[in-house]
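Participant: Top to bottom, those sequences are chains A and E. Per the numbering used here, the very first residue in the first sequence carries number 1; after that it's consecutive. Per the numbering used here, the very first residue in the second sequence carries number 234; after that it's consecutive.
Simulated from the structure, these hints should not be mistaken for lab results. Keep in mind that this is a model prediction, so the values were computed, not measured. Check the hints yourself; a few may be wrong.
What the hints assert, rightly or not - From the structure, some residues in chain E lie toward chain A, with a derived Cβ separation under 8 Å:
# : residue
1 : Met490
2 : Leu550
3 : Asn598
All C-beta atoms in this analysis are idealised placements derived from N, C-alpha and C, irrespective of residue type, glycine included.
Residues per chain, in single letters:
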Amino acid sequence: MNLILSSNPFVQFWEELKVLGPKVLVFLIIVVLGFILAWILKVAIREILKGVRFDTLCYRIGLSTALARANVRRTPSEIIGLILYWVVIFLFLLVSLSTLNVGAVDQMAASFLVYLPRFLIAVLVLIFGYLLAGFVGRAILIALVNAQVKSAKPISVAVHVLILILFLAMGIEQLGIAKGVVIATFSILLGGVVLALAIAFGLGGKDMAKDFLEKKVKSTGEPKKKPDDISHI
Amino acid sequence: MFMPRSILNKEVREKVKEYKKADIVVGIPSYNNARTIPHVVRAVSAGLVKYFSKYNFVLINSDGGSKDGTPNLVKETAVEDFDTILIEHPIHLINKIVTPYHGIPGKGSAFRTIFEIAHLLEAKACAVVDSDLRSITPEWMESLIEPILFHGFDFVAPLYQRHKYDGTITNSIVYPLTRALYGKRIRQPIGGEFGFSGEMLSHFLKNKKVYQTDVARYGIDIWMTTTSVAGGFKVCQSFLGAKIHNPKDPGADLSSMLSQVVGSVFNLMETHYDSWSGVTDSTPVPEFGFKFEVATDPVRVNLEGMVESFKYGVSDLVSVWDRFLSGDVLSELNRISSYNVLEFRLPAELWVRIVYDFSLAFHKNIMTREHILRSLTPLYLGRTASFVNETMESSPPEVEEKIENLCQEFEKQKGYLLSRWK
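All chains, please: the whole structure from these sequences, using the hints.
Facilitator: Shown next as structure tokens:
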């Protein structure tokens, strides 16, 4: 009778439960702790960022406008708080899962922990690239308009896009996704753009170059601009 | 203990030791002004000898590294014949200090050196004059220094007869905006020639950090004027006659110049909010000197170029402006850009709204401040073109009336600025 009972699936389940039970309890405790810590960190980081006027800075560099355009209603400090919240929860989940001693989960946790810094760097690279592209594009646009260059807008857009592509390639490379393909695509794209620009300048500016050289050689003495003696200051 | 390094070199400090004290100090900032500076030095020297012979005076030239021998010309220039200007002519040696200045290249850094030397010499009165002047006379010294020495004023701003198209940044932005903000009708707040007391001088040297900003460049004039008004000092203006000068530093482009001056005005709005927020109207300041009509050099204007620049701006900079200019302002600008050159007008009401919106964008850091300021250039040129069109046939009093109307518009719309400032 005892033998029958010991081989009973219920007994086996009970035995396994006795081993697994404390582990599940630890798992649950870690998860709950994770949620509490994540919430505290979220609130703390949000308040610190508000205190150092992080939202004003984001507004100034155009990040808030970009978020508004993408229909994101939260402030940048709230978003950072939220990202931190989920990262902490995810980390606690991984740690808590490792207490269950499930091989596949352990392996996944280890890979994720190795990958996490690369992922964060890639995100930072993309954010920096986005901001730099916006800043440089706008600076070039304003300078060219003030210098009365006719193609100010297309030139500034081209510079903006090129910087974005460069940083996108850097970000993807950081993530380690199809490294070779990304570098090759970027090289072909950049090379193509430069070649296209060279051809466009060559063909489009042929007459302008001719006029310029003619004027230089002949030096007709005709003033390029109308005279302007206005003293603004 | 940390001792701040002096911006004055050994040679200058020795000269200061030698001269010990000076009642009056006159400073001339310069950079490649060989063509005009001998005349300026002669006029200043003659003025000092003629009107202040009983006082000790020192002339300072603070140079930005001229390549055309400007400092040597200052050293060598002397008034050969005082007989023509003085009845009695005792031998007058003009004490001079000629020195390069240190720091950010610009007029403000040159002024700082002059201030430091004048402070060490314990000057009772100090005056500064530009080195590109062609119309300066000895009487300018009397006009700038007398209100300080004999009437107890701390700051003397200049008052000139200028060509209607000369000083357009002053006429369209700096004068009307400063007047609306601080309530004092100082007609030439960035004129370039000023007189000030020893007390004012000490005040200018209190905050050395400002000389690391645009105040070190073209922002110095408006900084001095605003600091004196906001600081509650006794301010007046003195009529000097015609202002005729060579063009300012040809290397400096309009966009940089405008951005330095307007950026300084906007920065000062932050610093002196308490001084201007309660001001509701403006009052005249005491005036010295006998006003008279004088002819000024004709000024050629490239109207087409200015209108074209405005049109480029409206076509390409909307993506920048739409962050801080409202939809109705943008659509109005769009409508105006369809006008041809001669019918081109940018009304005063719209211009004032634009300037206030730019100052609010600057205050709220809506984007990089340099971008906000530099994107003002096409709009400023549009307003200047409009002003040229509006006053093409106008006499000087009529032009002054136009400027007065603009000032009143700035005062009228100040409530709009205040309601959005916080």
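Participant: Against this structure, judge whether each hint is valid.
Facilitator: Against the structure, the hints:
1. Restraint check, E:Met490 versus chain A: the minimum CB separation of about 6 Å is within 8 Å; hint holds.
2. The restraint placing E:Leu550 at the interface with chain A holds, with a minimum CB-CB distance near 6 Å, inside the 8 Å limit.
3. The closest approach between the C-beta of E:Asn598 and any C-beta of chain A is roughly 4 Å, which is under the 8 Å cut-off, so the hint is satisfied.
Consistency with the previously given hints is maintained throughout, with no hint failing.
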